[in-house]
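Colleague: What follows is each chain in one-letter form.
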Amino acid sequence: MNAALEQLGRDVRVVRRRLAGYSAPPLIARRPSRASTSAATEPSLLRTTARELVVERVVVETPSAVTLVLRREDGAPFDFMPGQFFTVLLQHGGEVLRRNYSASNAPFERELHLTIRNKQDGKVSPLLCAMRGGERVRLLGPFGSFVAGPAASGKPRRLVLVAGGVGITPLASIARTALACEPDAEVALVYGSRSAAEIVFRAELDALAVAHPGRFTVVHVLEQASPAVPSEIGRLDGVTTLRALELCALTRHPDTRFFVCGPDGMRDEVLAALAARGVDPAAIAMERFTVGPRPQVATSSSAIAASVAPGARPIAIRVNGRVHRTTALPGATVLEAGLAAGAPMPFSCAVGGCGACKVKLIEGRVEVDEPNCLSDRERAAGYVLACVGRPCGPCTVEVPEEAGGE
Amino acid sequence: MFGDRTQKKLTSMLPLRVRNQMDGLYEALQVLMEVRDPRVLASLAPSGVRGLVLQRGKQGVPTQTRAHHSAHFDWSYPADNPEMRALYTRAKTGQWNSDVALAWGTSVDPYDPATPLLPDGFLDFDALARLGIRLDAKERQRLVHSVASWMLSQFLHGEQGALFAAAQVTEAVQFFDGKLYGATQVMDEGRHVEVFHRYLDTKLEKLYQVNDNLFVIIDALMADARWDMKFLGMQIMVEGLALGAFGTLYKQTKEPLLKNLLKYVIQDEARHVHYGVLALRDHMKQLTDSEKREREDWAFEVALLMRNRFLAYEVYEEWFEGVLPRDKWREFVTNTPGMHQFRQTMFSRLVPNLREIGLITPRLLPRYEKVGLLKYMAGLSADRLDGDGLIAELDHAA
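Line by line, the protein sequences give chains A and B.
Going letter by letter, the first sequence gives residues 12 to 417 in the numbering used here.
Going letter by letter, the second sequence gives residues 14 to 411 in the numbering used here.
It is possible that some hints are incorrect.
[Said to hold, decoys possible] Below, computed lysine to aspartate or glutamate pairings styled on EDC-like, alpha-carbon distance capped at 16 Å: (1) B:K151 <-> A:E409; (2) B:K264 <-> B:D133; (3) B:K151 <-> A:E412; (4) A:K371 <-> B:D122; (5) B:K383 <-> B:E47.
Because the hints were derived from the structure by calculation, they are not lab data.
Isolated chain B (complex conformation):
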């Protein structure tokens, strides 16, 4: 296909708006072109088309996705996984009522400098000025409000995906103790949808559309018939990255209601990722080499999609479409300090988990290295961290 330069040359003659759309489509194509394993391509391509090209998540109507998994019943109710049973016990006692736990009466003023949603310096306004966009103080505050609302909107959409995926996983999983645990996770995810939506709706009063890359991941997970792929996608990739993202925001925000909300959510999320590691660690050892290779590649591709998910194109479309080329925005967001920090923390949570379940093999190392993810290999995986430990670590770092 075309190289970057050829693509730029070909599209430079088009009006900016059309050029931006071409940039988006070209970017989608690049993501799919990265896929080396034809089986991964076969499983991701339909979702890629639905999300990146047809933008099914942004069509203004509810989206229907078809599930293909089968529900696994066991009438003998085996006690088959003590670690999952322990996690189930922990999850039962860790339930919280969002009406009581969180002070919803808190008045949230996104523009109050005493309680900023995101810290000063999260966005590099000088870099934006170099691109010809100079914002006054009020516009800067509004842009920060938009970025924070956008992030939380994507968390909310991710949680909706997690809610349905957790329900599917509970049906499909082979461990009976895992099913019991899964029921608590369904409840957790429902609560997360509730609190993020309530915060956005009643405090920030803004809700963004689902990001195309995130839609692709959710769509692919919903459609895949294999339980372990749902696990890998939701428990390890989406939840793992969410854990990193929530942790970053928890550390950075000075808005007390949001901070407290994240603290509760993080403690649930730590259990979710732990569950994924428990379920997959042994399962991966039982797969054939070919099956394992497929999962390794699949995880890598999804990690790339997740990385692209954080480019905030929806904020760009709201603010700068028509005044700034899309690729300049991408460059700005990629390098702006706050988002850079976000990626750091997210992948430093994700990569150790992938390593722990055996999905980063010598074959994959060069590819992880090429996209700059190898440096996160040394961290602790989720089965060695719990919610309280995570919060303590974040508080210490803050």
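One chain only, chain A, in its complex shape:
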């Protein structure tokens, strides 16, 4: 009866509203996504809303790397795509520091594993590595498109993963997920470390190989040989990569996709080695994790000179149909100037690594620190990153419509 009365009430309201000349709203307010990839599909929410997580425990992986095992207060599982990263926010000396770390476990678990290399000279990683169970961490995310999508037309997936050092983290997530969820997937891992003691996840990788015979192979490349670990010897470069790939039958399969993650120099050499083997560039995905504190060295000295040349730079920032006008001091980024002027600009890592602050350059010139995560297509379309982009003179930028924050 109540339901019928409520329905009648709604019907009457519709008729009255229509007679007064008003239509029903044409669009449906979208709810948080139901899709399994929801993690990748709520950009504005994830970019702007930090979540607080509890450190469940800290696992010492190697002398220089730890894994923070995090859980949510409500105990719910984490939803991300294997290969994605999170931005950790750390309050330090009056400023909020942001760093990106890839998840190293499989999604949909009740824990999130962030594996962190302790950089002795770093501002953030020593603090994170010193954390203890029960402490809390704030983070944004997940972000990133370094993800292993499904194979074409339902064929079993064949993945060759090439990792250097702590670059193993997203690849570990990809390998664990593919092996656990897809009975026909085959994965080979080429993994470069300084020494046997520096191999992150060594025991887990061995266990995976035992659990999935014939489907998972690991070829270690060690700078210092160790009797305990059979390996190719040397730095992970073009030569050792080619030797290691020879040991992986998957390399020769036409459907194989390649995922490369590691320090810049190593990555470039691996890419060159893959090209030398005739691997189609479209079959290769790579992850950059160059970002530490903001790079102080831009690609050209003239760029630096231009961006710190004296004189204020008037900037117009278009967001959500409004124009915010402000002036950037020499050397200040578009993001710094915009936020100081109260423009609701989205951002996340603030160091050129996630693309959350992407803006379109409508007018003027902006020097952007390299390397950063913009794709060639985005560059060609005129996008720049506000967080590492410094105006060289008067300019106008526009925040893409879907990205505008509140």
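Fit chain B to the known structure of chain A by using the hints.
Modeller: Only chain B this time, still in chain A's reference frame:
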């Protein structure tokens, strides 16, 4: 009732917003006035009021509809329809997993000129300019994004209807082989809801309300107690038109994920329509003349509703309400090249199926002719087409 001119004269004194609402209500009245058979009126009118007047689909809360059919059990499990059994076998092997089959990692930029959702010229911007609305390049892109999102939203809502209708039909149908087949269709429809919603939610990031005309059809099907009316409505009318619409979009879009998604969906849909033709062809011959006449009229009315469903009023309300009269928008959408093409393909798929099951009789020909649907009579019906054949035909035409 009033003629068009009288209606215009009476409403011209009202403010534009009120006039637009009157136009909508008047249009609803016209649809119901077209109904000649009182039995059809009795079955469609309550749904018409719920959808066109009360806009139950747009009230912002889940909609409850009451079903009146009975579930048909057969404890002897007869092998009663070899063609349906063959279709069931085909459907089992044709299942696909949307997580694996489609590359959801594809980054979709609705504004990228290299991969447009809809082709250049889909909307006639010059015609819009003649109505006093001049859009710059960016606004044009946004309008095309809206129209594509709107279309896919209506496909999604139609698929939700199809999901529940397929479940009802599976309960109600008299053929046991048909029940087994029906179970695969329920799965198909669930998957279609999943992929269209996922595409809209994660790629286009926009979802429109259900169109009032589409709501009327779904509501009428859900409420009708007769299994063959559910079949006729869902398998022939909604699915048949969907097949045409998906085919047009498949041919026209350059966005690779959407194209691939449609390719998979089309192959399922071809089975669905085929099933409807198989079930109804013989059944229609067993009906009395009076029962058959009712179904002929009902199909005609639903075809009209389906035609009106594609007028994109929700896009109008988002963009132009208050600046452009509703009837001018109707005229624009009706004549804009892309939508014109859509109607062509949709009805060229639907009309041959209606002919095949015997629902277009000499009595109805003048009415089909009057609304411009007669020219589609010559095409192939679904029982002579399969999914691969359809895709090949579309690829050839593209």
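Colleague: Hint by hint, note whether the structure agrees.
Modeller: Going down the list of hints, with the structure as the test:
1. B:K151 <-> A:E409: 13 Å, holds
2. B:K264 <-> B:D133: Answer holds: K264 of chain B to D133 of chain B is near 13 Å, not above 16 Å.
3. B:K151 <-> A:E412: Holds. K151 of chain B to E412 of chain A sits at ~12 Å (cutoff 16 Å).
4. A:K371 <-> B:D122: 14 Å, holds
5. B:K383 <-> B:E47: 12 Å, holds
Checked against the numbered hints listed earlier, the structure breaks none of them; every hint is satisfied.
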